[in-house]
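The lines below spell out each chain.
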Amino acid sequence: MIAPDSAAGLRAERRFDLVAAVLIGVIAVLAAILALVEMSAGQTASRASLQAAKVEADLSARISVSAEATNAVLTARQTAIVLAMEAIAREQAGIQYSDPTSTAIGAAEQSAYTKLDSILVETGATTGGKPVDPYTAGLLGATPADLKSELAEQNHQVDLANAAGFQEQLAVLGLSFLALAGVLTGLAAVLREGRSGRISLTAACVMSVAAGVLAVWAFI
Amino acid sequence: MAGEVIEGTASESRVVVVAEMTAGSGGAGSGDAGHGGVAILLTLAAVVAASIGFMAAMTSSSANSSWQSALRSEVKRSAAAMEDVRYVYGAELPLAVRIIQARTVQAEMLAAAQGQSGPTKAALLLEANVQGQIVTALDSTAGLATNTDYALSSGGLDLGKALAAERAQNPQLVSLDPDGLEAAGDKLAHKALLLTAALIPTSGAAFLAVLAQPFKRRRTLLLRIGGLALAGGAVMGLAVQVLV
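Top to bottom, those sequences are chains V and C. Per my numbering: the first sequence = residues 1 to 220. Per my numbering: the second sequence = residues 221 to 464.
Quick caveat, the hints were computed from the structure, so don't treat them as lab data. Think of the CB as a built atom: it goes at the ideal place given N, C-alpha and C, for glycine as much as any other residue. This list has only true hints and no planted wrong ones.
Beyond 10 Å from chain C on every Cβ pair, some chain V residues (computed):
#, residue
1, 85
2, 153
3, 156
4, 194
5, 197
6, 205
7, 209
EDC-like, lysine to aspartate or glutamate: derived pairs with alpha carbons at most 20 Å apart:
#, chain 1, residue 1, chain 2, residue 2
8, V, 115, V, 91
9, C, 381, C, 369
10, C, 296, V, 68
11, V, 148, V, 68
12, C, 296, C, 399
13, C, 381, V, 122
14, C, 296, V, 133
15, C, 411, C, 399
16, C, 341, V, 99
17, C, 407, C, 397
18, V, 130, C, 303
19, C, 296, V, 56
20, V, 130, C, 369
21, C, 296, C, 386
22, C, 381, V, 133
23, C, 381, V, 68
24, C, 436, V, 13
25, C, 341, V, 91
26, C, 436, V, 17
27, V, 130, C, 386
Here chain C stands alone, though its shape is the one from the complex (with noise of 0.2 Å):
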């Protein structure tokens, strides 16, 4: 009768009584087992669950990071292209269509003058060559509109090659991937749950193992199954962060 539990149903009878305190005090050895195993499980359930919490916590920051890595890149991705954007359409474009403007009326101011003649044609070449100067003084501040790379055949200009080669000059910042980072972000994440998860057996394991101590009868089974999901939770802990 050592470290059985009290039942109810006998427990009216003044001898009946005697009898179970006397065996509750009689089997002191085995109690203090149960006690010791209770106390054993409760805390590695609470080793390995600080063990588990920590890691969380660590790789779940390491997933905040990524992310906050990925706002970061992607503001700086965003600035560098609009830089560059405004660079090519805002700065260097409207020189180039006024260089474009000018050789286009040199050009059609010089054809209508072939066909004239006198104070006219006079006129024609003179606008013509007013046009000229103004192309040769912005040709040298303007590599848009002179660079032969990006000219295409009509007299017009490749804006796509412009603002390409305007990006290569920072591939870092064209390499940028804030998706990448993201995603990366995304998978710590996940690992981070995951191990939060391997918490709920061993809680289990803990709250067994709290069972275990006023269900004396079935106190070997109850810490027995408690030893199990507790090392259900560390096995499930260690396997999250090894393999995810």
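One chain only, chain V, in its complex shape (with noise of 0.2 Å):
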């Protein structure tokens, strides 16, 4: 004798079973996007960040090499200016005490100085010149202008790499959503069609969704 409810149970049951079914497929597909999405933010992220201290290291050696050679070069040229004051200084002293020793001394170093410079000139232009490797020379002709590039596209890739880390927090959550939906339809499989089962299965159901709306906001 069968009951005249029979059908309806067989058929919430069906009901339960097609949507445990569907679920742990829809979980599987969905891992696999999650999995796709953690994979390019996590690399994305991990790139950015080296990007990011990479530059920073090129930046450091730009700044560093460039002021050590103008420095060198200014210091030198300092060095000149400070016997040209020197010649001026004995010039002076020499017409001031009637010291002709003293202003032929100024005279010479005046004239010395002349050259001094130019020279300097000459070999501070030099700097960075062939046969110097394209690197170096990169790092010795860095401008002002130059650097202040470098430096936004340093702060970019820092700004890139949190936004990546924070792509691949939202899909490692995901993940973590769906693990939990998988636990939940498993749970709902074993206590079957009944008001416990429907519970874990509506719960495994929302925690999928969830790791969908991740994936999609990770995704954008």
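Both chains are given apart, each in its own frame, so use the hints to dock them into the complex.
Spelled out as structure tokens, the structure:
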């Protein structure tokens, strides 16, 4: 003897099985999508982070090298200027104290300054010239505009790493939800059609939807 | 009727329900075969997915390693360049400039002495002699100022040549190529992404295999499509691994 509500019971159980099966399939597909998103975001974050560090190292080298070269040449020219000032002081003192020797030494130093400065300008102009390798020449020839541009790139890479890191976190959270959804679906399959089973399955559906939303959010 | 899904519209009748349940139990043999197909497809999908995931993880790790090497190489290259520049411009150049200054002043003192006489000439020659002694004292310690390879006709120095010679002492540091390592990392990362993308058809196969369980009427079709999706995922993974 079969009870009058047997068919309805069978249909409900069928629907329960169908939902559970579809949910398992959706979890599998969502896991693949979230894995792809997580991989992509993780790689972007790693690369941007390392690129930021790389640019930072290059920026530091450019500042250090260009400043070293510029300072060295300027310091040399300051030495020449000191010579010129000494020459003028000697000439003035020679005139003031009617000492032709001092005036003559001052004049010779003045002439030496003119030649020395010319030599130092020419020497400074060879900075970064051939046959220096292109990388070192680039460091030596860095201008403030170059440094500013590189700094902007470094900041951009840091921002990119942060944004990609956030995407990666969303994907990981989505995968965590999916794992929970998988466990709940398994629990529902054990409990079968009934109040507890339906609650487990509903919770698994909610978790899967949340994981799907996180996947879309992370992808965007 | 063996293996058919229970239709909702026909289930209200007690007779039909009995008939369908009987049909379900009577078709146990084909149902087991269907279950076997589902289990096999799911198992294969899991194995393929695990293999692809492993390959993707290894490739991604290699990409990361290559990027790390690029950073290390960049730091090493910049440190080497900074040290060479510091040596030439910070240690060698000031001494060389002092020698050039002494030479120039000496030459001008001697030239000025030509047109002088008496104590002025003597003072100019004395000053020239002082500068000459400075040059002599420093010459032995300043390779930059005394090496004729770097001398300009004006009396100055070719700092480009001097720095290139300094850098050439460690050619392995000059030839470091962090950009090349970074490009290699980019290529590996792209490969890892493509491998991970192969998980999507594989997971689609798992999806279809699971769907084949409740949809008994379409089970064969779903299993076949699932098999094709699985093959597609496996081929994609292999192709990426071999060709990219």
